[in-house]
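Here is how the chains run, residue by residue.
2 protein chains.
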Amino acid sequence: MKKFINDPKQFVPEMLEGIALANPDTLRYVPEYHLIHRADAPNHDKVTIIQGSGSGHEPAHVMTVGRGMLDGACPGDVFAAPPIDYIIGSTKLLASNKGVLLLVNNYTGDRMAFEMAEEASSADGIAVRTLFIDDDVSVQDSTYTVGRRGVAGNFFVMKAVGAAAETGADLDELVRIGEKVNSVTRTMGVALTACTPPARGAPLFELGDDEIEIGVGIHGEPGRRRALWMPANEIVDELLGAIVPDLPFVSGDRVAVMVNGLGGTPISELYILYGIIHKRLTALGMTIGRNYVGEYCTSLDMAGASITLVRLDDEIEMLLAAPAEIAMRVF
Amino acid sequence: MKKFINDPKQFVPEMLEGIALANPDTLRYVPEYHLIHRADAPNHDKVTIIQGSGSGHEPAHVMTVGRGMLDGACPGDVFAAPPIDYIIGSTKLLASNKGVLLLVNNYTGDRMAFEMAEEASSADGIAVRTLFIDDDVSVQDSTYTVGRRGVAGNFFVMKAVGAAAETGADLDELVRIGEKVNSVTRTMGVALTACTPPARGAPLFELGDDEIEIGVGIHGEPGRRRALWMPANEIVDELLGAIVPDLPFVSGDRVAVMVNGLGGTPISELYILYGIIHKRLTALGMTIGRNYVGEYCTSLDMAGASITLVRLDDEIEMLLAAPAEIAMRVF
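Here the protein sequences come in this chain order: A and B.
Going by full-length UniProt numbering, the residue at position 50 of the first sequence is 50; the numbering climbs one at a time, nothing skipped.
Going by full-length UniProt numbering, the residue at position 150 of the second sequence is 150; the numbering climbs one at a time, nothing skipped.
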């Protein structure tokens with residue numbers, strides 16, 4: 001294993017410290033809870049939004065804390081749900097008078113931790129609601145889930161509720177918006193290689209030199225099928241062939257498209273995918289209102305990508321277009 | 001080789017088409033010259049800025065075309081200088097009344113192509129100047145260079161002259177600014193893996209499972225030495241140990257720091273590097289005025305990173321802070 005790390009056990013803390021040092025004006029780091037939070041949180045004019053999840057999916061979620069996005073992120077170790085006391089501690093520390101919205105990708109471990117933390121926080125008198133994201137069309141139940149997995153489409157839920165929270169929307173309204181965005185968001189991914197968790201030091205699963213995993217999960221979970229490598233056109237056709245009929249997305253729909261890199265795939269290849277997707281969707285009679293090409297939810301160093309479609313309406317598009325500021329930036 | 005491509009020969013055109021389709025309002029694609037240019041170019045109120053270089057370094061430079069950055073980018077094939085007629089054609093098409101600034105990373109092939117294109121364009125009556133970037137401290141002469149190589153520090157030259165051009169600065173002023181930024185910018189990189197050019201289909205060089213290449217070039221050129229993998233702390237010490245004394249950067253300096261991923265390294269690891277660098281530079285008495293963590297100039301799918309330092313003054317910092325808009329974006 002060759003990575004830019006010191007001690008694998010310090011992978012997450014050293015990363016979090018780096019994020020905080022790079023954003024001294026806007027972010028704070030609370031090592032006790034693996035918490036990265038906005039320097040101005042809690043802000044009692046808005047609902048506090050917190051996401052947990054395991055580490056290893058960066059920029060999700062520790063690098064998506066900021067104005068118009070999350071107020072805080074308290075990840076667990078790599079691919080592990082945050083401990084319950086991280087969530088409770090973060091919730092207590094950041095709770096605003098308008099309440100706390102917890103965003104959770106649908107994995108059994110995360111659900112359990114967040115549901116128990118919600119209960120404990122409610123008992124402490126904090127108004128808390130929890131929103132589950134399950135955008136992955138690949139498989140119904142999976143290695144770590146009952147129901148569908150939450151993957152890169154989580155970004156759109158975060159962005160929409162983050163924008164609405166800035167306008168002062170209350171907790172019920174954020175839950176309505178988040179559930180609505182989740183309900184029109186569909187994702188599927190493909191792995192060209194496995195990923196290597198730092199503490200394991202070896203690839204998480206075996207994938208032959210000529211093989212790809214279609215429908216892979218962001219923790220290396222199996223997808224729909226193992227296939228021989230195929231050209232980008234065919235990969236797009238297979239992924240869209242699963243995503244489009246699922247909602248279904250239909251002619252006349254206005255959509256947002258995300259091509260999300262899984263960590264080891266260069267952005268050049270993501271734009272090749274985008275070009276193909278754009279033409280396929282246009283041929284199906286859809287209009288692409290917004291596009292996102294880059295890394296949003298990764299699986300460590302996995303080479304691969306996922307495609308997400310969101311059916312837009314005026315409300316969702318306005319929320320996605322609202323300004324936001326996070327650690328993941330260019331300039 | 002497993003990549004998201006169709007035909008390796010179409011790698012660059014399909015990527016460029018994807019970029020153009022993703023940015024219909026702001027960018028245009030001219031297949032004849034591999035040219036991506038601003039939809040509003042030429043703008044006769046500003047000097048036109050064009051960069052060439054080989055492909056395979058994305059986002060550099062085809063994804064850094066936009067307001068406050070490049071007016072156009074006309075790359076060659078992967079790791080190949082653009083053909084002279086691409087540069088001449090692009091220059092003619094985008095030339096503004098205020099002239100054209102050509103940005104060129106210092107490689108022999110690129111120098112030749114751009115110098116000949118400058119001569120031809122000048123003969124056509126276009127005011128053209130060419131600026132060479134050579135920020136890589138690793139080696140003096142190299143596989144493809146006389147003198148030093150131009151690598152990720154190129155971003156700062158682009159950003160500074162791009163910002164100045166928006167204010168109406170003339171060609172001489174842009175050359176002065178660009179040369180100044182280049183003169184205070186220093187970079188060195190390290191490869192954890194080789195990269196695989198699509199047309200070659202195999203890694204460009206051999207690197208053992210436990211080896212790293214310190215001072216690697218962005219085309220896989222050898223650096224200062226081949227070493228066994230070492231912890232991130234030691235890698236940072238070795239890179240900064242070459243970069244800091246080179247200018248030299250000294251106590252009291254205010255600097256910009258870039259941690260640039262080479263294509264296959266996840267952003268989590270880049271932030272681990274950033275945290276270490278931040279502490280080292282602070283301990284040396286420097287202040288970090290701006291930081292950049294992400295992918296700016298890659299080497300296809302190479303796992304690795306480079307560190308760039310820029311000594312700031314008020315003028316440079318103001319130019320770096322100016323607004324800009326490019327294809328590489330988050331929201």
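Hints are supplied without guarantee of correctness; some may be wrong.
One copy or two, either will do: identical chains are not told apart, so a pair holds if it fits within one copy or between any two.
[As the list claims (entries may be wrong)] Below 20 Å or equal to it, Euclidean Cα-Cα: the simulated EDC-like pairs (lysine to aspartate or glutamate) are:
id, residue 1, residue 2
1, Lys92, Asp141
2, Lys9, Glu115
3, Lys279, Asp45
4, Lys180, Glu238
5, Lys92, Glu206
6, Lys92, Glu118
7, Lys92, Glu238
8, Lys9, Asp246
9, Lys279, Asp7
10, Lys9, Glu234
Hints are computed from structural coordinates only; laboratory data are not their basis.
From a predicted model like this one, the values you see are computed outputs, not experimental measurements.
Hints, one by one, checked against the model:
| no. | hint | in the structure |
| --- | --- | --- |
| 1 | Lys92 x Asp141 | neither (33 Å within a copy, 58 Å between copies) |
| 2 | Lys9 x Glu115 | neither (27 Å within a copy, 52 Å between copies) |
| 3 | Lys279 x Asp45 | neither (43 Å within a copy, 35 Å between copies) |
| 4 | Lys180 x Glu238 | neither (26 Å within a copy, 51 Å between copies) |
| 5 | Lys92 x Glu206 | neither (42 Å within a copy, 52 Å between copies) |
| 6 | Lys92 x Glu118 | within (11 Å within a copy, 63 Å between copies) |
| 7 | Lys92 x Glu238 | neither (45 Å within a copy, 43 Å between copies) |
| 8 | Lys9 x Asp246 | neither (40 Å within a copy, 34 Å between copies) |
| 9 | Lys279 x Asp7 | between (45 Å within a copy, 17 Å between copies) |
| 10 | Lys9 x Glu234 | between (40 Å within a copy, 17 Å between copies) |
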